[in-house]
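These are the residues of each chain, in order.
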Amino acid sequence: MTTQSTAEVLQGPAETRSLGWRSLHGTRRFVRRKPLGAFGGLILLLLVSAALLADVLAPYGAAQQDTGAPLSAPSASHLAGTDQYGRDIFSRLLYGARISLYVGIGATVLSIVPATVIGVASAYFQGRFDYIVQRVVDAVQAVPGLILLIAIVVVLGPSVVMVVASLSVRSAVVNSRVMRGATIQIMGRDFIQAARSLGARDLRLMLRHVLPNIAAPIIIVASLGFGQFILAEASLSFLGYGVPPPEPSWGGMLASDGRNYMYAAPHMFVGPALVLSLVVFGVNMFGDAMRDVLDPRLRGASGN
Amino acid sequence: MTHYIVRRALGLVPTFLILLLLVVVLVRLIPGDIVDILLQEQGGGGSGRSAELALGREQIEARLGLDRPVFVQYVEYAAGLLQGDLGRSLWDDRPVREMILNRVPVTAEVALVAIVVSLLTAIPVGLISAVRQDTPIDYFLRSALILGISLPNFAIATAIVIFPAIWWGWSVSFTYVSLTEDPIKHLTLIIPPAAVLGVQLSASVARMTRTMMLEVMQEDYVRTARSKGLTGSQVVLGHALKNALIPVVTLLGLQVTFLIGGSVITETVFALPGLGRLLLEAIANRDYPVIQGIVVSVGLLVMITNLLIDISYGYLDPRIRYS
Numbered sequence: 004m005t006t007q008s009t010a011e012v013l014q015g016p017a018e019t020r021s022l023g024w025r026s027l028h029g030t031r032r033f034v035r036r037k038p039l040g041a042f043g044g045l046i047l048l049l050l051v052s053a054a055l056l057a058d059v060l061a062p063y064g065a066a067q068q069d070t071g072a073p074l075s076a077p078s079a080s081h082l083a084g085t086d087q088y089g090r091d092i093f094s095r096l097l098y099g100a101r102i103s104l105y106v107g108i109g110a111t112v113l114s115i116v117p118a119t120v121i122g123v124a125s126a127y128f129q130g131r132f133d134y135i136v137q138r139v140v141d142a143v144q145a146v147p148g149l150i151l152l153i154a155i156v157v158v159l160g161p162s163v164v165m166v167v168a169s170l171s172v173r174s175a176v177v178n179s180r181v182m183r184g185a186t187i188q189i190m191g192r193d194f195i196q197a198a199r200s201l202g203a204r205d206l207r208l209m210l211r212h213v214l215p216n217i218a219a220p221i222i223i224v225a226s227l228g229f230g231q232f233i234l235a236e237a238s239l240s241f242l243g244y245g246v247p248p249p250e251p252s253w254g255g256m257l258a259s260d261g262r263n264y265m266y267a268a269p270h271m272f273v274g275p276a277l278v279l280s281l282v283v284f285g286v287n288m289f290g291d292a293m294r295d296v297l298d299p300r301l302r303g304a305s306g307n
Numbered sequence: 005m006t007h008y009i010v011r012r013a014l015g016l017v018p019t020f021l022i023l024l025l026l027v028v029v030l031v032r033l034i035p036g037d038i039v040d041i042l043l044q045e046q047g048g049g050g051s052g053r054s055a056e057l058a059l060g061r062e063q064i065e066a067r068l069g070l071d072r073p074v075f076v077q078y079v080e081y082a083a084g085l086l087q088g089d090l091g092r093s094l095w096d097d098r099p100v101r102e103m104i105l106n107r108v109p110v111t112a113e114v115a116l117v118a119i120v121v122s123l124l125t126a127i128p129v130g131l132i133s134a135v136r137q138d139t140p141i142d143y144f145l146r147s148a149l150i151l152g153i154s155l156p157n158f159a160i161a162t163a164i165v166i167f168p169a170i171w172w173g174w175s176v177s178f179t180y181v182s183l184t185e186d187p188i189k190h191l192t193l194i195i196p197p198a199a200v201l202g203v204q205l206s207a208s209v210a211r212m213t214r215t216m217m218l219e220v221m222q223e224d225y226v227r228t229a230r231s232k233g234l235t236g237s238q239v240v241l242g243h244a245l246k247n248a249l250i251p252v253v254t255l256l257g258l259q260v261t262f263l264i265g266g267s268v269i270t271e272t273v274f275a276l277p278g279l280g281r282l283l284l285e286a287i288a289n290r291d292y293p294v295i296q297g298i299v300v301s302v303g304l305l306v307m308i309t310n311l312l313i314d315i316s317y318g319y320l321d322p323r324i325r326y327s
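One line per chain: the protein sequences are Z and A, in this order.
Going from the first sequence to my numbering is simple: count from 1 and add 3.
Going from the second sequence to my numbering is simple: count from 1 and add 4.
The shape of chain Z in the complex, shown without the other chains (with noise of 0.2 Å):
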């Protein structure tokens, strides 16, 4: 693959037409050479869409009860069965489109911005400050993220906010080294040496010179990164210190009730499983799309 710009493969060729235009014209183009990363995200329409319209598409409310049909299997009235409390399954994946868009959301922009804040500055003043804080990653990093996220989450307590923050402290420190290491080739750039004998400060350096050059790997990271936290979050179910109940998190509803009636319903762990990984997949699928177009040489960005 030839190496293009981001403008010129996300929106082809600079032409002089409507913005309109060219994005739809971009869209195509990506569907074609990535038909893979365009299902992907396809899915996370289809995700928005659910959590935005959860309301009215929801046949029954999150925790509305049918108390005479506990874990009934799927039928015409519920589409996706029902649980041991006789609650509506579908509406609820419906429901719980929302806490993990939430999670996925909340948690990517709460480690995006630390982690471009910490990665820019490291990289701009270099030096004994760049060597503190590239060691704190390191230390960090040396820590297995689910490990590190436990203590944290148990420290922070049990709430929707609380794992939202704890799955963005690890991820933030670690990712804020790709975020250095694309600053660090940036500032070799005469552009920066121009700029900064016009006398531009070091805020405006950073902010105007540095961070719009190196959209490509935050909008990558934020891209693989949401999946995981999606997952995170149900691995921190499973173990007990996820989102509390009875928000109908996706985890959630795997780890505990899925599991555990699992023998008797299993309609009830095949369900959300299923809707957890088409998303994390089309997540996946949508953020290594995006790498191989934005920057096919930035690797290691996973983030576990």
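Hint data in this document are derived by calculation from the structure and do not stem from the laboratory.
Please note that the accuracy of each hint is not assured.
[What the hints assert, rightly or not] Pulled a few chain Z residues facing chain A out of the computed Cβ check, cut under 7 Å:
#1 D141
#2 R262
#3 N287
All figures in this text were calculated on a predicted structure; none of them were measured in a lab.
Every residue gets a Cβ at the ideal spot worked out from N, C-alpha and C, and that includes glycine.
Got chain Z sorted already, so can you dock chain A onto it with the hints?
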């Protein structure tokens, strides 16, 4: 070369001290402590340490050394570490080093088998995927692997335990048997968790193999090899693959953290007496020295692995010279 190794090894010291500090502080931030738990057991007539039965909070804290400032505890802990002393469990007073060493073999064995599983699947997959880039078989293989990391590993592990039981009435055994007692039975216990971790590991290994193959296949020496008349497979296996695998070695080294983190999950599902379960129990009991001991030992292992990987670069790729 020697100079480089010494410098890198010394560079581990500050990192290790920071890790130690992070761990000591983080562990003490965990709400509720062992004294509460011990006192609760006294009240409820539980089966805790009988020696503590008659003691009050201050006495227990003094006995366990928890009444001194965290900083003092940190320094003492670091000093103990230098002598290979990881302290004793607050819960049952056993030496932490012994507890960890007892649990390491199971976790290490599962991790090694997982690495073997992942290499056996990932390298062929990555290779085929690269040689047949952007064909249906490439898409199929990549999708299959990504699907493998799209389910949380506890779900895959649970499915392995439960579905065979539902369908064929066969279930995984949960009584641990050591290798020396019954090697065959032992392996049937090790392989399922290793397969779960191995398949997940292979996704990133295969992806890396594919990316590197694609890159290497465009190198001049590959074109030279082709033009001097070597067959496709000679070029791919003899020239390209060898060079493409260097970053794969790095990647495997970085996955030590994944394998140990994953062991927390698989050991819980498959009831294996490894490091992961020990850690969960220690967190539940607020057994600080045990939590610290595990995290610090794992951290040290990871740092040393990374160092070894960097050094191995020189042997794998003679073009790399250290300064």
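Each hint tested on the structure:
| no. | hint | verdict |
| --- | --- | --- |
| 1 | D141 | holds, 4 Å |
| 2 | R262 | holds, 5 Å |
| 3 | N287 | holds, 5 Å |
Checked against the numbered hints given earlier, this structure breaks none of them.
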